[in-house]
Amino acid sequence: MASIMSSKNRVATSKRITPTVTISDNSSEMFAVRWSPDGNYIAAGAGDGNICVFAADTGTVAYELQQGSAAALPATSLRFRPSNDTTRTKNVLVSTNAVGAIQHWHVTSGKCLHTIEEKDNQVFALDYQRDGLVFATAGKEPVIRLYDEATKAETCLMKGTAGYSSTQSSGHSNRIFSLKFSPDDDHILASGGWDNTVHFWDTRSGQSIRSIYGPHLCGDGLDMCSNGTASTTVLTGSWRPQSPLEMWDFGTGKIIEQVEWKDSILGSSPCMLYAAQFSKADGGRFIAAGGSGTNEARVFDRFGDHNDRDGLTALVGTVTGMERGVFSLDWSPVGDKLAVGTGDGSIRIMSVVDRNGDMSLHDVRSEGKE
Numbered sequence: 008m009a010s011i012m013s014s015k016n017r018v019a020t021s022k023r024i025t026p027t028v029t030i031s032d033n034s035s036e037m038f039a040v041r042w043s044p045d046g047n048y049i050a051a052g053a054g055d056g057n058i059c060v061f062a063a064d065t066g067t068v069a070y071e072l073q074q075g076s077a078a079a080l081p082a083t084s085l086r087f088r089p090s091n092d093t094t095r096t097k098n099v100l101v102s103t104n105a106v107g108a109i110q111h112w113h114v115t116s117g118k119c120l121h122t123i124e125e126k127d128n129q130v131f132a133l134d135y136q137r138d139g140l141v142f143a144t145a146g147k148e149p150v151i152r153l154y155d156e157a158t159k160a161e162t163c164l165m166k167g168t169a170g171y172s173s174t175q176s177s178g179h180s181n182r183i184f185s186l187k188f189s190p191d192d193d194h195i196l197a198s199g200g201w202d203n204t205v206h207f208w209d210t211r212s213g214q215s216i217r218s219i220y221g222p223h224l225c226g227d228g229l230d231m232c233s234n235g236t237a238s239t240t241v242l243t244g245s246w247r248p249q250s251p252l253e254m255w256d257f258g259t260g261k262i263i264e265q266v267e268w269k270d271s272i273l274g275s276s277p278c279m280l281y282a283a284q285f286s287k288a289d290g291g292r293f294i295a296a297g298g299s300g301t302n303e304a305r306v307f308d309r310f311g312d313h314n315d316r317d318g319l320t321a322l323v324g325t326v327t328g329m330e331r332g333v334f335s336l337d338w339s340p341v342g343d344k345l346a347v348g349t350g351d352g353s354i355r356i357m358s359v360v361d362r363n364g365d366m367s368l369h370d371v372r373s374e375g376k377e
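Just remember that this note's numbering sits 7 ahead of the position in the sequence shown, which is counted from 1.
Since the hints were derived computationally from the structure, they do not count as laboratory data. No experiment lies behind these values; they were computed from the predicted model shown. Think of the CB as a built atom: it goes at the ideal place given N, C-alpha and C, for glycine as much as any other residue. One thing to keep in mind: the hints can contain errors.
[What the hints assert, rightly or not] Simulated crosslink set (DSS-like; lysine-lysine; CA at most 25 Å straight-line):
1) 269 / 97
2) 159 / 118
3) 126 / 159
4) 97 / 166
5) 97 / 159
6) 97 / 126
7) 166 / 126
8) 22 / 261
9) 261 / 15
10) 147 / 159
11) 261 / 287
12) 287 / 126
13) 22 / 269
14) 147 / 126
15) 166 / 147
[Claimed, not checked] With beta-carbon atoms standing in for the labels, derived distance ranges:
16) 74 / 358: 29 to 35 Å
17) 260 / 74: 25 to 31 Å
18) 95 / 15: 49 to 55 Å
19) 180 / 363: 46 to 52 Å
20) 238 / 34: 39 to 45 Å
21) 267 / 44: 32 to 38 Å
Go ahead and model the full structure; you've got the sequences and the hints to work with.
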């Protein structure tokens with residue numbers, strides 16, 4: 008595989024990243040960040056349980072849904088509920104936390120509409136089907152629960168089986184930190200966590216139908232992207248020093264690329280990833296990933312300026328200067344903007360822009376890494 012990758016050329020990119028807004032003075036670590044569907048707001052969940060929604064253009068607090076406290080446990084994941092013809096209430100944000108609660112919030116009124124409690128579980132991950140009719144949760148227990156959005160009732164408990172065959176795999180054996188529904192098939196759900204395995208579940212049968220071994224996920228480091236063809240690409244960001252960022256072919260389960268992550272010029276520690284995600288507004292052209300060690304996030308260009316689908320990804324830029332690690336990040340569904348949530352309590356909003364031959368210190372650092 009290394010020889011195949013080394014024979015490819017790196018794509019040419021004229022993009023760079025530039026900071027637009029920094030939201031600081033938050034109460035605790037930012038464990039989850041999520042853009043609203045219209046790109047106007049950013050929801051954030053903190054280590055002290057605080058859940059706020061910020062105006063993306065100014066960084067000011069627009070809505071506070073839940074105050075934080077020293078006694079509270081962290082908010083662990085956030086998703087805006089997709090709108091559909093059956094949902095009368097719009098602007099609904101769903102949060103999970105480390106005591107097993109799943110809460111539906113009406114953002115504009117600040118009301119908690121519904122709470123589900125998973126007894127004796129810590130919920131770390133949540134994701135919705137594209138139509139918003141079903142959502143999935145996972146966490147400390149090595150199982151995945153499916154819920155009907157309309158009734159909030161659990162409809163399926165997916166877990167491993169005793170055997171392994173060509174049509175099913177054994178399921179998870181440890182904590183699950185990331186979930187992602189397929190962008191092409193609402194019945195396919197990907198999951199990953201501490202057991203170094205990504206599983207792909209068929210929600211109709213409730214079984215894991217295939218798996219890939221290797222990724223060690225400790226945060227929201229799993230994503231899937233449709234390439235406009237019959238192929239779907241899987242992205243994994245692993246909390247490990249070697250080859251933390253990888254892309255896989257969903258159909259074959261084979262690795263496509265181990266994205267090069269060179270050591271930072273600011274320190275000798277490797278970056279071990281908590282979060283990784285494809286960009287949303289441009290067919291997944293860009294990848295963002297971040298973690299601890301070097302406490303940084305990076306943006307990569309998959310296709311470059313000439314839509315090169317066969318080249319290796321190119322580094323666009325690096326977000327540095329955080330006192331603690333990057334725990335969460337999210338691309339805006341509108342335009343190439345990125346929100347980065349960090350352990351120092353800040354949210355940094357970055358934009359991908361044309362380089363125009365005008366380089367900042369940020370870009371000089373990045374250029375030195377190519």
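Do the hints match the structure? See the list:
Only pairs whose Cα atoms come within 25 Å are accepted, and residue 269 paired with residue 97 is rejected, the gap being roughly 43 Å. For the suggested pair residue 159 and residue 118, the alpha carbons sit about 17 Å apart, so the restraint of at most 25 Å is met. The hinted pair formed by residue 126 and residue 159 meets the criterion: a straight-line CA distance of about 15 Å does not exceed 25 Å. With a C-alpha separation of about 32 Å, the suggested pair residue 97 and residue 166 falls outside the 25 Å cut-off, and the hint is violated.
The suggested pairing of residue 97 with residue 159 holds, with an alpha-carbon distance near 16 Å, which does not exceed 25 Å. Using a Cα cut-off of 25 Å, the hinted pair residue 97 and residue 126 is violated, with the two alpha carbons roughly 28 Å apart. Pair hint residue 166 plus residue 126 holds up; C-alpha atoms about 17 Å apart against a cutoff of 25 Å. A C-alpha spacing of about 29 Å is found between residue 22 and residue 261, which places the hinted pair above 25 Å, so the restraint is violated.
For a cut-off of 25 Å, the pair hint linking residue 261 to residue 15 stands: about 17 Å separates their Cα positions. Simply put, residue 147 and residue 159 have alpha-carbon atoms about 21 Å apart, close enough for the 25 Å limit, and the pair holds. As the CA atoms of residue 261 and residue 287 are separated by approximately 23 Å, the hinted pair is consistent with the 25 Å bound. Restraint check: the Cα-Cα separation between residue 287 and residue 126 comes to about 34 Å, which exceeds 25 Å; the hinted pair is violated.
Distance restraint check for residue 22 and residue 269: the Cα-Cα separation of roughly 19 Å lies within the 25 Å cut-off, and the hinted pair is therefore satisfied. Restraint check for residue 147 and residue 126: satisfied, since their Cα atoms lie roughly 11 Å apart, inside the 25 Å limit. A hinted pair counts as satisfied when its Cα atoms are at most 25 Å apart, and residue 166 with residue 147 qualifies at roughly 13 Å. At about 31 Å, the beta-carbon gap between residue 74 and residue 358 stays in the expected band of 29 to 35 Å.
Taking 25 to 31 Å as the suggested C-beta distance range, the pair residue 260 and residue 74 does not conform, at roughly 45 Å. Under the hint 49 to 55 Å, the C-beta atoms of residue 95 and residue 15, about 50 Å apart, fit the expected range. For residue 180 paired with residue 363, a C-beta distance near 50 Å keeps the hint of 46 to 52 Å intact. The supplied range of 39 to 45 Å is met by residue 238 and residue 34, whose beta-carbon atoms lie about 43 Å from each other.
Against the hinted window of 32 to 38 Å, the Cβ-Cβ separation of residue 267 and residue 44 comes to about 33 Å, which satisfies the hint.
When the structure is compared with the earlier hints, violations turn up for hints 1, 4, 6, 8, 12 and 17 and for no others.
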